[in-house]
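As given, the protein sequences belong to chains A and B, one line each in that order.
Residue numbers are given in our numbering: position 185 of the first sequence equals residue 186, and the series is strictly consecutive.
Residue numbers are given in our numbering: position 119 of the second sequence equals residue 123, and the series is strictly consecutive.
Be aware that a few hints might be false.
Derived list of chain B stretches under chain A, where covered just means 3 residues or more per stretch with a C-beta under 8 Å from a C-beta of chain A [stated by the list, open to error]: (1) 24 to 37; (2) 42 to 50; (3) 58 to 65; (4) 134 to 141; (5) 148 to 155.
No lab work stands behind these hints: they were computed from the structure.
Just so you know, even glycine gets a beta-carbon here, dropped at the ideal spot from N, CA and C.
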Amino acid sequence: MPKVKIPRKSTTIDMTAMCDVAFLLLSFFILATKQKPPEVLTVKTPTSVSSTAAPEKSILITMTKEGKVFLMLGDETKKSAIIDDFNTSRGLQLTGPELTKLKKAEYIGLPVNKLKSALDMNQEIPANLMDGIPTDSTNNELSYWIKSVTNAYKGEDQRKLQEMILIKGDGEALYPIFKNVKEALKLNELFKFRIVTEGETVPVGSELYKTGKLEKK
Amino acid sequence: MAEMDTSSGGGHKKGPGVKKPKKLSTRVDLTPMVDLGFLLITFFVFTTTMSQSTAMNMNEPKDDPNQEMKVKNSGAMTILLGKGNQVYYYYGQLMPETISQDFKSTNFAGIRKLILDKKNATPIDDLMYIIKSDEKSTFKNAIDILDEMTISAVPPGHYAEVEMVPVEKMLISATEKANGIQ
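Chain A on its own, in the form it takes in the complex (with noise of 0.2 Å):
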């Protein structure tokens, strides 16, 4: 009887698509991933249980746990109309390149006072050396620059709006600061408003945790 002679098969297998496969997911993952931007303003928020998304474009108020206030104007189509209007409303007089650098820059954290003499500067101020706007019940000027938000979106969907407002301050901060940032919306007629937290698991065997629903306020 003949001998049948089964073939040796080569147990090496061609990895080459393996490795392309790899790589692609890597190169994926990499570029996919939205790099943080570079926070100026270091805040610590505190932790909720609301598990809503911050917007991405938001007119943001951040407040530094040294209690200064500062406010972020993230909605680039407005930006220029809300700063114009601050400009005349409150009679700046701010010049052409003045503006334009104000415009430029990234937050707003100077005094009505001293705004002017800063953009006149060559170099920029550091956050850090920033006072903030003032926010007291005597002189809320956080109050005059809502007004001015207000103002630039005049006639569109107001609950655009307030879905935009966020409030984002540092767990140290002193409670009346916040009262006077509340207590600058309240006086533009602005009652609903968002605050940044970081996220947080509800507590097992709480009442949330068992109806297991966030109630939509």
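With chain A's structure known, arrange chain B on it following the hints.
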């Protein structure tokens, strides 16, 4: 795929004495490279933290002095936030005779149970939590207590932030002094 045609173009005949050069395989073992690729993928996947900020909704009431809300004494619980993450509370109204017994202090760990106990003991229509923040309390405290309301599923409209009155300020500073809170 990862091979190259190394055979010399056909047709070129070599003489009988010429040795045929040894055919070297250009096939590379890609296994380590695959390993490396997946290692990098796992590394990036694990180190990327999904830090998506969340937003908490807030509804502020219109300040209208003519429209004061009436709250039943039996259903009210006043929560006061002091410095050093301290929480003070009392039920109903402070009576001058029993002020020292009614005004109690706790912290954020203890307040959840108290909120829940009050909620379970009170008919929902009467229930009202009055939140008052001291000037020395922090933004975090204010957010935390609102979050506690959400955690205990207190329906919106059954808690409100109110300005502190001088008596309460006095009581807080007296308690702080007694407890040695800086």
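Query raised in the report: Under a C-beta cut-off of less than 8 Å, do 3 or more residues of the segment 148 to 155 of chain B approach chain A closely enough to confirm the stated coverage?
Result: holds (count 5)
Query raised in the report: Does the segment 58 to 65 of chain B contain three or more residues whose Cβ lies closer than 8 Å to a Cβ of chain A?
Result: n = 8 at 8 Å, threshold three: holds.
Requested in this report: Three residues minimum, CB to CB under 8 Å: does the segment 134 to 141 of chain B make the cut for coverage by chain A? Let me know.
Outcome: Holds, because 5 residues of the segment 134 to 141 of chain B bring their Cβ atoms closer than 8 Å to Cβ atoms of chain A.
Query raised in the report: Residue count check for the segment 24 to 37 of chain B against chain A: does it reach three with CB-CB under 8 Å?
Result: With 4 residues closer than 8 Å to chain A, the segment 24 to 37 of chain B meets the three-residue bar; holds.
Query - Stated coverage of the segment 42 to 50 of chain B by chain A [criterion: 3+ residues, CB within 8 Å] - result: holds (count 5)
The structure agrees with every numbered hint stated previously.
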